[in-house]
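K.L.:
In terms of our numbering, the sequence shown opens at residue 98 and continues consecutively.
One or more of the hints may lead you astray.
Here are the simulated EDC-like pairs of lysine to aspartate or glutamate, each with C-alpha atoms no more than 16 Å apart in a straight line [to be verified]:
#1 195 - 217
#2 174 - 208
#3 174 - 205
Using C-beta positions, here's what the derived DEER-type ranges look like [stated by the list, open to error]:
#4 196 - 224: 32 to 40 Å
#5 145 - 169: 27 to 35 Å
#6 114 - 212: 40 to 48 Å
#7 146 - 200: 30 to 38 Å
#8 196 - 120: 41 to 49 Å
#9 163 - 120: 19 to 27 Å
#10 220 - 157: 35 to 43 Å
#11 119 - 145: 17 to 25 Å
Derived by calculation from the structure, the hints in this document are not laboratory data.
Just so you know, even glycine gets a beta-carbon here, dropped at the ideal spot from N, CA and C.
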Amino acid sequence: MMKESLNRGNYRDQLRCFAEINSVFASRSFAKEGLKQFPGVSSTIQNDLIQAIGNVISDEIRSEVDKAPFMSVQAYKTTDCAMHTQLLIIIRYVYEDKTCRRFLRFCEVSDDKSGTRLADVIAPALNSFSNTIDK
Numbered sequence: 098m099m100k101e102s103l104n105r106g107n108y109r110d111q112l113r114c115f116a117e118i119n120s121v122f123a124s125r126s127f128a129k130e131g132l133k134q135f136p137g138v139s140s141t142i143q144n145d146l147i148q149a150i151g152n153v154i155s156d157e158i159r160s161e162v163d164k165a166p167f168m169s170v171q172a173y174k175t176t177d178c179a180m181h182t183q184l185l186i187i188i189r190y191v192y193e194d195k196t197c198r199r200f201l202r203f204c205e206v207s208d209d210k211s212g213t214r215l216a217d218v219i220a221p222a223l224n225s226f227s228n229t230i231d232k
C-alpha cells in the first residue's frame, strides 16, 4: 500500500493556513463537514492565479526598467532534471540607486543552441520593455 504524501503543494497549503487564521474564509472554503479540499483548487484556477501573479510581477519589473538609465541582459544555459537544455534569461538594471537583478524566464533550447536560435528566444523576452533598444 502506497503511503499518502503530506505535501499538498504550496497553493493548497497557503489556503489551509489562511483558513486557520480567517474564520470567514474557513467557513466558506471548508463549510461542508469532512470537506478536505477547497473547491477552488482546480488546476485551471491555480494556473490562472500563477499567470495573474506573473503579470503583476512583470508589470512591476517593466515599470522599474523603464525608469532605469541602463540595463544589461544575461543568458545562462542550464539542464533540467529531464536533461533538457534551457536558457535562463536575467536582466540587471539600476533602480532608485540600487542594482536589481530580475529573472525573466526559462526557454527550451534543447533542439537548437545556435546564435540565431538564442537571439530568437532572447529578443521576445525583451520586447515587452518599451525602451530596451535605447539602453
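K.L.:
Which earlier hints turn out false for this structure, listed by number in ascending order?
P.N.:
Hint check: 1, 4, 7, 9, 10 fail, others pass.
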